[in-house]
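Following the hints, put chain D in place on chain C, whose structure we already have.
Residue numbers (the numbering used here), protein chains in the order written: chain C, 1 to 592; chain D, 593 to 751.
Hint data in this document are derived by calculation from the structure and do not stem from the laboratory.
Note that CB positions come from ideal geometry on N, CA and C, so glycine has one too.
It is possible that part of the hints are untrue.
Sample of chain C residues with no beta-carbon within 10 angstroms of chain D, all distances over it, derived [as the list claims (entries may be wrong)]:
no., residue
1, Thr104
2, Asn110
3, Cys111
4, His495
5, Arg582
Under the rule of at most 20 angstroms between Cα atoms (straight-line distance), these lysine to aspartate or glutamate pairs were calculated in the EDC-like manner [claimed, not checked]:
no., chain 1, residue 1, chain 2, residue 2
6, C, Lys541, C, Glu525
7, C, Lys295, C, Asp137
8, C, Lys541, C, Glu369
9, D, Lys611, D, Glu641
10, C, Lys124, C, Asp96
11, D, Lys732, D, Glu744
12, C, Lys189, D, Glu744
13, C, Lys579, D, Glu641
14, C, Lys579, D, Asp640
Partial selection, computed: residues in chain C whose CB lies under 7 angstroms from chain D [as the list claims (entries may be wrong)]:
no., residue
15, Leu14
16, Ser167
17, Asn168
18, Gly170
19, Phe171
20, His173
21, Arg174
22, Phe176
23, Val179
24, Pro182
25, Ala183
26, Pro187
27, Pro586
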Amino acid sequence: MEGKKITISIDGKLYQTQEGLTIMQAADQMGFHIPRLCYHPKLSIEGACRVCIVEVEGMRSYVASCAYPVSDGMKIHTNTQEIRRARRDIVELILDNHPQDCHTCERDSNCELQRLASSMGIRKRHFEGERKQYDKDLSSTSVVRDPNKCILCGRCVRICSEVQKISNLGFAHRGFQTVVMPAYNMPFKDSVCTACGQCINVCPTAAFVEKVYTQDLFQKLNDPKIVKVAQIAPSVRAAIGEAFGLEAGRAMEKELTAALRRLGFDYVFDTQFSADLTIMEEASEFLERLQGKGKLPMVTSCSSAWMKCVEQFHPDMLENISTCKSPMSMMGALIRTYFADKIKKEPKDILSVAIMCCTAKKYEAARPELMVNGLPAVDMVVTTREIAWMIKSAGIDLLHIKGEDFDEPLGLSSGAGVIFGATGGVMEAAIRTAYELYTGETLLDIELESLRGFQGIKEGAITIDGKEIRVAVAHGLGNAVTLLDMARKEPEKYHFIEIMGCPGGCIGGGGQPYAGLNSIPLDEECLKKRAHALYDLDRGKTIRRSHENPDVQRLYKEFLGRPLSAKSHQLLHTHYKAKEPRGIIPQELKVR
Amino acid sequence: MITTEDRKAVLKEFMQKVKEQKHPESQLIAILHKAQELYGYLEQPVMDEIALTMNIPTAHIWGVATFYHYFNLKPKGRHTISVCLGTACYVKGAGQVLEAIKKELKLEIGQTTQDGMFTLAETRCLGTCGLAPVMMIDEKIYGNLTPKKTVEILNSFKK
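If we strip away everything but chain C, and leave its shape as in the complex, we get:
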């Protein structure tokens, strides 16, 4: 709804705007960028940092422009000497209680606080006071919490409760002692954290970062006795260019493959291959369930954060979850068996590394139930950010390297495997194959527009052999709650549901490059460009349906037999169990 037209003055000039906007929103429209820190457009207003203060004539004190609404005739000053000084003092006070270790910090050169301090012109520390001292929480396989770096902006608390509806984080204690932590200050590994990593994405500093495995990996890549194998998730190629200064949206799979070989990997495989395989298994499982063998709606299981969320928050839905492992774990299982046989190596002499857009995959890789003959299917998961750093650190010029192809026999993928990275992609890929498996006819119109885009919940329907199949897609764990509630209320409403833990799907994963100078975390425009990179790759492929992938067909012929065979079940399927502590999703409570 458009608000009433009003006139305000900013820095002495008159502007038309509308009622209902905050000063910051109105100023943004006029081309002012008031400095800000705790504010994020996708989250509720916190007004905690006070960096965005402006002067409003007639007001006794400066107001936080992120929270204060405009009104007719309001005279606003954003850049007077006094405001500049006050704002600089605020940032200096934040810095005073912050470690002075920028050059050894994970976020060095990519830190919002650092950039803010620079834009304030802070070149000297005026305040020296008591500084907080806390231990880092290194307990989680995925997320590291460092309260010393925390500036209490609360973005992590808000994304965890508002967008993801996990509410693992809260402000505990008060005043100088305030710390963001899980309930009871419990270690992350024992908390309800799903390891999605969105707190890392929105954190302006390094109070949340992923557990880094880069040094360990560098060391292992230098071990001549082992065979080093990598797999790359779809979304990594769609985003890694951003870490090298490129605009979002350029796919770099060939360059990345070449770079990984230079880093020392002997084989580079494509997680998209195992995405095709996932579709073969999942579409077959769906058709079985549709014929009465198993519960409907069937819900996808590719997203590791989502799986942990189900176990702790939605154990009543466990029977609805597809038994398929994720593409990463399927690939890992094949590397330890099918591939090890092919190269005549002991499975234990293979280093299986997954390059993922995701922090939760680190957790998944450590799950005991996904082990293959006593070995983890994946030894190590590194995120897009980590691999980008390794490539730079090794002096490899990703932007000018000559592209190379993936290795056989686990490197070829269809367009269906590519689009797994964007929300709706798994469903689209599954429909392309399920339709043909069931009817024997080829689905011609394979781009399912209703399942694309960033609406929180998307619905679609397709007629398979005279029967209407109703599907739904949710991305972000908060949207998943809404969709599941709909499915609980009306169990017949949907047949098949896709859920991805992160906003936008894997392309918005917790391990993706940090927002750059001209963007903000979770920027939808950026997610769109990453998604388009994947849709373009799909369109550029001659093979766009998983079941047409000749290497997948060969895998079934030589090794697995057929989808859902005993061997497939042993290697590619698993079961999940309810876990403690139980997660709680508040109904209406506005939780900070």
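Same frame as chain C, but now just chain D:
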């Protein structure tokens, strides 16, 4: 004697009543008070129970419980000693009184003795500066203290 089961039932009933009211989620502080009244402090299983019954995430309950000083997160002793460290008491030797207590009971401020007898707290001005230095044990004020007299008072509780 009131058993754990009784306490559980009383708290449960209290929460059920709250749930029937409008905006039950805004009654969290009242529920925590009730729990503390019943258990003496807020322990994790009790907060977990409140979380499940009221459908409030534990991180939020933990935030409220740690924000307000009057919620105890650790069990308190049978008697709480509050030593006044206000200006008047301090210049009259409250520091030595505090040291004597710490030494005698082998504990620091905020801690409870192993036998569960005493919890030591500090406070600012009890409004009885004429008696400085003073301490309060439970609801009773003890004035004109010396380290020796303080230890005698503590010993009188042990009998």
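Right, here's what the structure says about each hint:
With a closest Cβ-Cβ approach of about 30 angstroms to chain D, Thr104 of chain C is found to remain outside the 10 angstroms limit, as its non-interface label requires. The claim that Asn110 of chain C lies off the interface holds: its Cβ sits roughly 28 angstroms from the closest Cβ of chain D, which is beyond the 10 angstroms cut-off. The non-interface label for Cys111 of chain C is consistent with chain D: the shortest C-beta to C-beta separation is roughly 26 angstroms, beyond 10 angstroms. The claim that His495 of chain C lies off the interface holds: its Cβ sits roughly 30 angstroms from the closest Cβ of chain D, which is beyond the 10 angstroms cut-off.
With a least CB separation of 7 angstroms from chain D, Arg582 of chain C falls inside the 10 angstroms interface cut-off, contrary to its annotation. A hinted pair counts as satisfied when its Cα atoms are at most 20 angstroms apart, and Lys541 of chain C with Glu525 of chain C does not qualify at roughly 25 angstroms. Taken as a hint, the Lys295 of chain C and Asp137 of chain C pair is broken in the structure, with Cα atoms around 40 angstroms apart against an allowance of 20 angstroms. Distance check on the hinted pair: Lys541 of chain C and Glu369 of chain C sit about 35 angstroms apart at the alpha-carbon level, beyond 20 angstroms; violated.
The suggested pairing of Lys611 of chain D with Glu641 of chain D holds, with an alpha-carbon distance near 14 angstroms, which does not exceed 20 angstroms. Only pairs whose Cα atoms come within 20 angstroms are accepted, and Lys124 of chain C paired with Asp96 of chain C is accepted, the gap being roughly 11 angstroms. Restraint check for Lys732 of chain D and Glu744 of chain D: satisfied, since their Cα atoms lie roughly 15 angstroms apart, inside the 20 angstroms limit. Distance check on the hinted pair: Lys189 of chain C and Glu744 of chain D sit about 49 angstroms apart at the alpha-carbon level, beyond 20 angstroms; violated.
For the given pair, Lys579 of chain C sits about 17 angstroms from Glu641 of chain D by alpha-carbon distance, which is consistent with the 20 angstroms threshold. Note on Lys579 of chain C and Asp640 of chain D: the hinted pairing holds, with a Cα-Cα distance of about 15 angstroms set against a maximum of 20 angstroms. Residue-level restraint check for Leu14 of chain C is violated (minimum Cβ-Cβ distance to chain D is 43 angstroms; threshold 7 angstroms). Given the 7 angstroms rule on beta carbons, the hint for Ser167 of chain C holds: about 3 angstroms separates it from the nearest Cβ of chain D.
For Asn168 of chain C, the shortest C-beta to C-beta distance to chain D is roughly 6 angstroms, which falls under 7 angstroms, so the interface hint holds. Taken as an interface hint, Gly170 of chain C checks out: its beta carbon lies about 4 angstroms from the nearest beta carbon of chain D, inside 7 angstroms. Interface restraint check for Phe171 of chain C: the shortest CB-CB distance to chain D comes to about 5 angstroms, inside 7 angstroms, so the restraint holds. Interface restraint check for His173 of chain C: the shortest CB-CB distance to chain D comes to about 5 angstroms, inside 7 angstroms, so the restraint holds.
Here the hint on Arg174 of chain C is kept, as its CB sits about 5 angstroms from the closest CB of chain D, short of 7 angstroms. The beta carbon of Phe176 of chain C comes no nearer than 13 angstroms to any beta carbon in chain D, farther than 7 angstroms, and the hint placing it at the interface is violated. Among the interface hints, the one on Val179 of chain C is violated; its C-beta lies about 9 angstroms from the nearest C-beta in chain D, farther than the 7 angstroms criterion. Look at Pro182 of chain C: its Cβ gets to within about 6 angstroms of chain D, closer than 7 angstroms, so that hint holds up.
Given the 7 angstroms rule on beta carbons, the hint for Ala183 of chain C holds: about 4 angstroms separates it from the nearest Cβ of chain D. Nearest Cβ of chain D to the Cβ of Pro187 of chain C: about 14 angstroms, over the 7 angstroms cut. The hint is violated. Evaluation of the Pro586 of chain C hint against chain D yields a held restraint, the C-beta minimum of about 6 angstroms falling below 7 angstroms.
Of the hints listed earlier, those the structure fails to meet are numbers 5, 6, 7, 8, 12, 15, 22, 23 and 26, in rising order.
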